[in-house]
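Trainee: Residue-level listing of the chains:
Protein chains: 4
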Amino acid sequence: MIILMARQADEQQIEAVVARIRAAGLTEHVSRGSERILIGAIGDERTISPEHFEQLPGVERAMRVLKEYRMIAQAAKPDSVQVRIRDQAFGGAALPLIAGPGTVESSDQMAQISSFARGAGCRLLHGGAFAPNVSPYRFQGMGAASLEIVRDAARTQGMSSIAELIDSRHLDSFLELDIDAFDIGGAALSNPELLKEVGRLNRPVVLRRPPTGTLSEWLLAAERIAAGGNHRIVFCESGVRSPGDARLTLDLGAIGALKQESYLPVIVDPTRAALKPTQLSALSCAAIAAGADGLVLRTHPDPHEALIDAEQSLSPSALQALVSQLQELAPVVGRALV
Amino acid sequence: MIILMARQADEQQIEAVVARIRAAGLTEHVSRGSERILIGAIGDERTISPEHFEQLPGVERAMRVLKEYRMIAQAAKPDSVQVRIRDQAFGGAALPLIAGPGTVESSDQMAQISSFARGAGCRLLHGGAFAPNVSPYRFQGMGAASLEIVRDAARTQGMSSIAELIDSRHLDSFLELDIDAFDIGGAALSNPELLKEVGRLNRPVVLRRPPTGTLSEWLLAAERIAAGGNHRIVFCESGVRSPGDARLTLDLGAIGALKQESYLPVIVDPTRAALKPTQLSALSCAAIAAGADGLVLRTHPDPHEALIDAEQSLSPSALQALVSQLQELAPVVGRALV
Amino acid sequence: MIILMARQADEQQIEAVVARIRAAGLTEHVSRGSERILIGAIGDERTISPEHFEQLPGVERAMRVLKEYRMIAQAAKPDSVQVRIRDQAFGGAALPLIAGPGTVESSDQMAQISSFARGAGCRLLHGGAFAPNVSPYRFQGMGAASLEIVRDAARTQGMSSIAELIDSRHLDSFLELDIDAFDIGGAALSNPELLKEVGRLNRPVVLRRPPTGTLSEWLLAAERIAAGGNHRIVFCESGVRSPGDARLTLDLGAIGALKQESYLPVIVDPTRAALKPTQLSALSCAAIAAGADGLVLRTHPDPHEALIDAEQSLSPSALQALVSQLQELAPVVGRALV
Amino acid sequence: MIILMARQADEQQIEAVVARIRAAGLTEHVSRGSERILIGAIGDERTISPEHFEQLPGVERAMRVLKEYRMIAQAAKPDSVQVRIRDQAFGGAALPLIAGPGTVESSDQMAQISSFARGAGCRLLHGGAFAPNVSPYRFQGMGAASLEIVRDAARTQGMSSIAELIDSRHLDSFLELDIDAFDIGGAALSNPELLKEVGRLNRPVVLRRPPTGTLSEWLLAAERIAAGGNHRIVFCESGVRSPGDARLTLDLGAIGALKQESYLPVIVDPTRAALKPTQLSALSCAAIAAGADGLVLRTHPDPHEALIDAEQSLSPSALQALVSQLQELAPVVGRALV
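Protein chains in written order, with my numbering: chain Y, 1 to 338; chain R, 1001 to 1338; chain E, 2001 to 2338; chain W, 3001 to 3338.
Note that these hints are calculated values from the structure, not bench results.
Even for Gly, the Cβ is constructed at its ideal location relative to N, Cα and C.
Check before you lean on any hint, since a few could be wrong.
Said to hold, decoys possible - Here are the simulated DSBU-like cross-link-like pairs (lysine-lysine), alpha carbons at most 30 Å apart as the crow flies: (1) W/K3196 x W/K3067; (2) E/K2276 x Y/K67; (3) W/K3067 x E/K2276; (4) R/K1067 x E/K2067; (5) E/K2196 x W/K3196; (6) W/K3067 x W/K3077; (7) E/K2067 x E/K2259; (8) Y/K196 x Y/K67; (9) Y/K276 x E/K2077; (10) Y/K196 x Y/K276; (11) W/K3276 x R/K1077; (12) R/K1196 x R/K1077.
As the list claims (entries may be wrong) - Label pairs and their computed distance ranges (CB to CB): (13) R/G1119 x W/G3228: 51 to 59 Å; (14) E/R2064 x Y/R86: 20 to 28 Å; (15) R/F1139 x E/E2305: 40 to 48 Å.
Pulled out of the complex, with its shape left as it was, chain Y reads as follows (with noise of 0.2 Å):
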């Protein structure tokens, strides 16, 4: 950390500041200069914080120096950085697709999804189990019910399945049903109990961008799910507040904010920022041109009857047409369809 004296700061201040840092352990580097006096506290600076320092006499500023997240960041990349959802990897050459629905409403509905899905190239099956945003009088998603409908519609295709972790109570379920990964976004993400609890098992999580939209709040999400041990972390962009609009905005510059931060891969689910389904395609497109690692692709068998994100679901057709574009796409970027 360091610590910017005020300009009219006087010695007693500054042994003041000293005092401080030696009783949390740390050592001091006085550094005089030509207008202000500079103080530099070394060594594990995480067991101090700035506001503990600006409230001294004298000190103008304190600023920590390091980052506070360590084994997810750049510095610490393994040999290897891919992710793997069962025998999908995530953060290589090869780009692979989660399809699903909004909400997962029927088996019959999933059995659907991962049929046309599964034929038109995607290798996860994701199902959205609840509804949180909306009205307590509109449908509210079939909750923990959904997780093994979805688990089976993915093994009847082969398929990897991944279902929203919103819950604590929930977790037992998905390791009973063997949910091959956690979508963590909204409650579970804001619920640091949760994901220290998940940081000890080893079980892939797809972890969405905080709804405060913040990089480093995102980051030490991560961060405290690697702490535990579970380094099997994918980030997935999926928008942001806009002002005055009920549409999100998808952050694709976030990919490369992440990236040069983080090893982990980063994957873009656009349903939410997109009005339309060509919005949809075209906000898909961009996020692999963009350098995601992998996509979520909202899907159902007859959009206009979907019970959530009717419009901002692909029909089968609409996929299969995608996934065309997508593979013509990915090699000019230097990636592949899986």
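Since the structure of chain Y is already known, use the hints to place chains R, E and W on it.
Mentor: Same frame as chain Y, now just chains R, E and W:
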């Protein structure tokens, strides 16, 4: 719902819209203006969604007319709108004050806080248990273990106890330990399963602003709880993310905006919007002047040593000074401290 | 406009609404549903405002039905939707590229840039003249003096010239020097007097995203120009403020959202959303994949020495490499580089 | 500036950083810690930029240590910090009130407003002239023609006059008509040329929050004016864009945050954050309680008929009632109405 047809819509397209309205069990009302045709869908529109109509050819836009919250709406206002947490009523002329530290550090700390807070006139004790947005390497909060400490400190002083609920597995402890109110934000707020469960309990809820900051999502979260039968909800404005700034923006205009929609009381927690204890006091006064029905006040026996919110905690003397100022201020806006 | 009466509205209140509608020269249409009464105001609703009705007793809400932009709307689409800047057409199959530095530094710099940019296939030259958001003690841009430099460098290479308009007093210089297009954002975009004046000129406009980021304000700014007779407008998405981050968020979903509302072309300037030149290239590819009708590419002969956007400028070789990649990419989405 | 080297940085990379520091006329200070090497660039760091260092190999991050505003900083606080608009001082114990309509409609309207506003104790008259963010087909404001009307109405009542400056071509009219203060927001705020010119005049400026909402951009805009010699600046918090909402969010925490950085006074205009006149009054009280040095109050002889801000304007009786309430409130926070 109102469906606005495109300028060039033909009779067949109008008929398709009408058919869809009837299929949902509603009746249509076609209004042919000089420029456009408007079709009203009359009946319980919660079973249909604008996007189901916007996909039909010839439709320009579909808009809901009725709000999706009902139980908590102004129109549903009961005879008494006060929400009680034990013996403290929110929403009347009196302004209850909730005091507590950023995080529970020990039972000794809580004994000190409850003692001086009660002395200063605060009748409710709050204890933060988690620190969700920080590095996993810094102090994490005492978690569920803090519940008993908060309860005991509150009882000793004859105060009500409020604690943060983030994980559904802690529900039982809340009930067993007889914590008087749930503080719900972040994780629990985004967990519809947990909101539903809280809705089935007869225990008051302090419901914080959702992290994305939209009022309609906040109102719907309250409606979800109320729909289960629990109408004992107090909104708590705690700030929204500022552009390019770590400090949150406290939206005091939300008090009036919420009260225009709902009869439920609204309190304010200015902690994260302040950079210094003096700003915390200033924003507390501002919240009361703006019409808040109570306050959450961060306090610590020795703010310099606080593990969290060190710069946003009031010392015992600062708390006492603020309460004195609030006592003078409240009558100006027709209120009184408890 | 549609006026929704409150549940308990009485006949006298309905009559007051009807009287107000008639006073504005419109006619009413009263629709009595099972739950609520809706009153339509039929005619040119631009002369009335929802707030004039929401103040009347018994009114719950008033909503505009028609959009406030007309000339630029999809419904007003002319036979040819292409906007030409000299010999370059935006909005057709071809994708013109605009190149230029973050700020004009000297005529020598612009001569180098125009030469290598033209060599790489860019047909339009852009020169930033101001740096509005930085310290007054850093380089401020050459201001109006840069206009002649841009014009001359463009002419030498047979390129079109585009320059930033921020102050109405510069309008004459633009016309005298025959700069081919105005680049309007920030100051000029918020100056309705200046937009009106630009609307009376027959000179194309590159209209950037407003800083507050809302699409409706952007569309209305375009309408304001078009209302004066100048329909030669190209939207340019340049990013919106990210929460807690200096980097802007590039909203590629805005391309589809704008095209749904307006027939005007949309280009993208990814500069401020990138942290490194490689990210600039990735986002440029993404923009084309998302359906952009052209790009603004920050370039500098020696990015390490650039006075502005040093980390967001493409070197000559990086520009050449990006153009080659775009040449491969464009056909995948049915487009071609010029 | 402080340059943090990457963990694996070698001596050659350190030397390159040192060379760059020296080339800029600064001196280096290399500090070798247990984990990292930090290099301080000592001297006037305004001539260098972090991005020039972050491009060099082996550099992890470069951070400015000193703020880029100096003249307006707390550290530069003059003996008297009051800013006068004619006979009204902002920044002392007294709280001047500025009154005026959303837009000047006629000289008759302004005569009425100035008369009842002066009667209620407001000593400054404000007249909005433009309506930048609305449809070009609605009332646009009287533009520059309103300046004379505001001036005359103010003089008749012995009030000071304040008017909105949006276009540099209106500067002469302000001076000729002797308008007492510039109201600068939106367009003028984003026009560095115009800010520089205002900086050379000895006429006070009411400087509104920039539309993107960041405090640092606001402080730098003030510094730009002050750098020209004009230190007569009053900050005016007017709200920032709310997520998913037309209402702005009034950031009263900005008062304390600005005062921590700068000695300049801060007033508040709550208009766009209120949905109803009662909310306008509540937020006005809140602003004073939060430490504001004055208020801008939207008023209209007959708010129901106001062409702009119909729901955010105080009637004569509402203004009178609010002023009475403020008279009681001000002493509680150690202030007094003028």
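Trainee: Are the hints correct? Go through all of them and say.
Mentor: These are the hints, each one checked on the structure:
1. Taken as a hint, the W/K3196 and W/K3067 pair is honoured in the structure, with Cα atoms around 20 Å apart against an allowance of 30 Å.
2. Restraint check for E/K2276 and Y/K67: satisfied, since their Cα atoms lie roughly 19 Å apart, inside the 30 Å limit.
3. Taking the CA atoms of W/K3067 and E/K2276, the gap is near 24 Å; set against the 30 Å cutoff, the hint holds.
4. The hinted pair formed by R/K1067 and E/K2067 meets the criterion: a straight-line CA distance of about 22 Å does not exceed 30 Å.
5. The straight-line distance between the Cα atoms of E/K2196 and W/K3196 is roughly 25 Å, inside the 30 Å bound, and the hint therefore holds.
6. For a cut-off of 30 Å, the pair hint linking W/K3067 to W/K3077 stands: about 15 Å separates their Cα positions.
7. Proposed proximity of E/K2067 and E/K2259 is supported: the alpha carbons are some 15 Å apart, at most 30 Å.
8. Simply put, Y/K196 and Y/K67 have alpha-carbon atoms about 20 Å apart, close enough for the 30 Å limit, and the pair holds.
9. At roughly 20 Å between alpha-carbon atoms, Y/K276 and E/K2077 fall within 30 Å of each other, so this suggested pair holds.
10. Pair hint Y/K196 plus Y/K276 does not hold up; C-alpha atoms about 37 Å apart against a cutoff of 30 Å.
11. Restraint check: the Cα-Cα separation between W/K3276 and R/K1077 comes to about 20 Å, which is no more than 30 Å; the hinted pair holds.
12. The hinted pair formed by R/K1196 and R/K1077 meets the criterion: a straight-line CA distance of about 21 Å does not exceed 30 Å.
13. Checked against the hint of 51 to 59 Å, the C-beta distance between R/G1119 and W/G3228 comes to roughly 54 Å, which is consistent with it.
14. For the hinted restraint 20 to 28 Å between E/R2064 and Y/R86, the CB-CB distance of approximately 51 Å leaves it violated.
15. Taking the beta carbon of each, R/F1139 and E/E2305 are about 45 Å apart, inside 40 to 48 Å as hinted.
Consistency note: the structure conflicts with the earlier hints numbered 10 and 14.
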